[in-house]
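Be aware that the sequence shown starts at 1, since it is given in the numbering used here, and climbs by one per residue.
Source of the hints: derived by calculation from the structure; they are not laboratory data.
Check before you lean on any hint, since a few could be wrong.
[Claimed, not checked] Computed beta-carbon distance windows for the label pairs:
#1 110 to 440: 17 to 25 angstroms
#2 317 to 489: 40 to 48 angstroms
#3 334 to 271: 16 to 24 angstroms
#4 518 to 221: 26 to 34 angstroms
#5 439 to 110: 37 to 45 angstroms
#6 422 to 146: 30 to 38 angstroms
#7 322 to 458: 45 to 53 angstroms
#8 327 to 518: 50 to 58 angstroms
#9 368 to 212: 24 to 32 angstroms
For each residue, glycine too, the CB sits at the ideal point set by N, CA and C.
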Amino acid sequence: MDLIPAPSSAVRRPDEDFPLDATTTLTAPPGLSDAERWLRGTLSAATGLPFGPGRPGTGIELALDDALAAEAYRIAVRPGHALLAAGGPAGALWAAQTLRQLLGPDAYRRSPLRREGWVLPGADIADAPRFGWRGALLDVARHFLPKSDVLRFVDLLAAHKLNVLHLHLTDDQGWRVEIKRYPRLTGRGAWRERSMVGYRSAQRRDDRPHGGYYTQDDLREIVGYAAARGVTVVPEIDLPGHTQAAVAAYPELGNTDAVDTSALGVWTDWGVSHHVLNASEETLRFFEGVLEEVLELFPSEFVHLGGDECPKEQWKESAAAQARIRELGLANEDELQSHVIRHFDRWLAERGRRLIGWDEILEGGLAPGAAVSSWRGFGGGIAAARAGHDVVMCPEQHVYLDHRQADGPDEPVPVGFVRTLEDVYRFEPVPPQLDEAAARHVIGTQANLWSEFADSARDVDYRVFPRLVAFAEVAWSELPADPAERDYPAFERRLRGHLEVLDALGVEYRPMDGPHPWQRRPGVAGRPIEGPPPVR
Numbered sequence: 001m002d003l004i005p006a007p008s009s010a011v012r013r014p015d016e017d018f019p020l021d022a023t024t025t026l027t028a029p030p031g032l033s034d035a036e037r038w039l040r041g042t043l044s045a046a047t048g049l050p051f052g053p054g055r056p057g058t059g060i061e062l063a064l065d066d067a068l069a070a071e072a073y074r075i076a077v078r079p080g081h082a083l084l085a086a087g088g089p090a091g092a093l094w095a096a097q098t099l100r101q102l103l104g105p106d107a108y109r110r111s112p113l114r115r116e117g118w119v120l121p122g123a124d125i126a127d128a129p130r131f132g133w134r135g136a137l138l139d140v141a142r143h144f145l146p147k148s149d150v151l152r153f154v155d156l157l158a159a160h161k162l163n164v165l166h167l168h169l170t171d172d173q174g175w176r177v178e179i180k181r182y183p184r185l186t187g188r189g190a191w192r193e194r195s196m197v198g199y200r201s202a203q204r205r206d207d208r209p210h211g212g213y214y215t216q217d218d219l220r221e222i223v224g225y226a227a228a229r230g231v232t233v234v235p236e237i238d239l240p241g242h243t244q245a246a247v248a249a250y251p252e253l254g255n256t257d258a259v260d261t262s263a264l265g266v267w268t269d270w271g272v273s274h275h276v277l278n279a280s281e282e283t284l285r286f287f288e289g290v291l292e293e294v295l296e297l298f299p300s301e302f303v304h305l306g307g308d309e310c311p312k313e314q315w316k317e318s319a320a321a322q323a324r325i326r327e328l329g330l331a332n333e334d335e336l337q338s339h340v341i342r343h344f345d346r347w348l349a350e351r352g353r354r355l356i357g358w359d360e361i362l363e364g365g366l367a368p369g370a371a372v373s374s375w376r377g378f379g380g381g382i383a384a385a386r387a388g389h390d391v392v393m394c395p396e397q398h399v400y401l402d403h404r405q406a407d408g409p410d411e412p413v414p415v416g417f418v419r420t421l422e423d424v425y426r427f428e429p430v431p432p433q434l435d436e437a438a439a440r441h442v443i444g445t446q447a448n449l450w451s452e453f454a455d456s457a458r459d460v461d462y463r464v465f466p467r468l469v470a471f472a473e474v475a476w477s478e479l480p481a482d483p484a485e486r487d488y489p490a491f492e493r494r495l496r497g498h499l500e501v502l503d504a505l506g507v508e509y510r511p512m513d514g515p516h517p518w519q520r521r522p523g524v525a526g527r528p529i530e531g532p533p534p535v536r
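Starting from the given sequences, assemble the full structure and let the hints guide the process.
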């Protein structure tokens, strides 16, 4: 019973196994219909057994227990009966995921390899997550991923009890969400002429157009599919920086008195473009219109607005921007950036939503309900938590999964610095500098995958797994707060068994002993680089 992520408690009862056969039933109350539907469909596909409806006290039974927290669950497996009790629908989904783990790697297949010999091991399991926000960022702006790949990524998150998909939808290099009132955002902004190859390779281009976007119905499908698996999709719409794709589509959004934007294209470089939004009232109204449609598509409490890495050169050269600074009584361009963020902070709050942004948004002051994604180390998160803001810890030094997994000439295009599987497992989201009251504002943690160098689902798999498995245990399980006290060898042993689950799911993870042959790039990939990755 080597479960991942590790449960709060698990006791094996070897004399009380529950063999499954064609008569085994599955029942649940109406409030747990998502878990019932998912579990029946998943287990039936893998085992070939029907799992027809039954009655309480027999077969596999999902039940509600008001004494448990919403995401908590307990499982009791006895001969003829497996009770999955949960505090709410989310807890029932996590219990169902654990039940699938108990059946072994073949339970992750989409068609049965065998129709006999399925046995649930007798056990008592009690479990609940450490954090309410257990997230992964998927950057589909730099390299677009088809909808089917996003849905598959949702399944992989849910399988590891991660419950937030942070979908990075817009950036300098592409706009990926259909906005019906502004069709050029995708008609023009979703496509770039070519892409850089590697990192800081200004002379190396693939000369291949790249792009794509999700229709509003695509996004409704993704959101609904994720919700049925316990995953909330949080959209990110970047502003006022990281917006060259939007300015390319609608040049009037740029600083037109400082630079000619009439022939601007979607950016073909990695890094941070100097083309940023102007801060006029008209531009604010434009993005209010964008966000009105975004809110209709994404019911999440939080909406991520970026708010980071906004170059100020064009504002310094723009007479209109300087006049705007004077009109608003601001001191400088930094305060102009803060004005834009505070405007949308209030706008979202008026509609019952909460702004979340990268830690730069702290610099201008925030409304009480706004939250911070701490990416530049822990400093921003510590300051935010002490100021009473909720924080999601995602420091690049620990949980940026585009960073290379090992040093050596056979690794794929390297970014940043080496972060090994063990490094991720020893990541502690709550800094020791926080007292108990401030620590409660750390609502969760998140691993980020930026896609400059991941242009396909198999590249995503390679960079994310198995490190995301280690991260999932950090986010879910009650591990020792001192990273040095964590039993990494025991986790590695459990992980080696879990790799059979990833194999069954078709995940092209990085093998424990080094890159896949298709990923090795001798003499190119291993060259050292200078400095941090180009963005977040």
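Each hint, compared with the structure:
1. 110 to 440: 17 to 25 angstroms: 42 angstroms, violated
2. 317 to 489: 40 to 48 angstroms: 57 angstroms, violated
3. 334 to 271: 16 to 24 angstroms: 20 angstroms, holds
4. 518 to 221: 26 to 34 angstroms: Holds: the Cβ-Cβ distance is about 31 angstroms, inside 26 to 34 angstroms.
5. 439 to 110: 37 to 45 angstroms: Since the Cβ atoms of residue 439 and residue 110 sit about 42 angstroms apart, the hinted range of 37 to 45 angstroms holds.
6. 422 to 146: 30 to 38 angstroms: Given a distance of about 33 angstroms, which is inside 30 to 38 angstroms, the answer is holds.
7. 322 to 458: 45 to 53 angstroms: 49 angstroms, holds
8. 327 to 518: 50 to 58 angstroms: With a Cβ separation near 56 angstroms, residue 327 and residue 518 satisfy 50 to 58 angstroms, so the hint holds.
9. 368 to 212: 24 to 32 angstroms: 38 angstroms, violated
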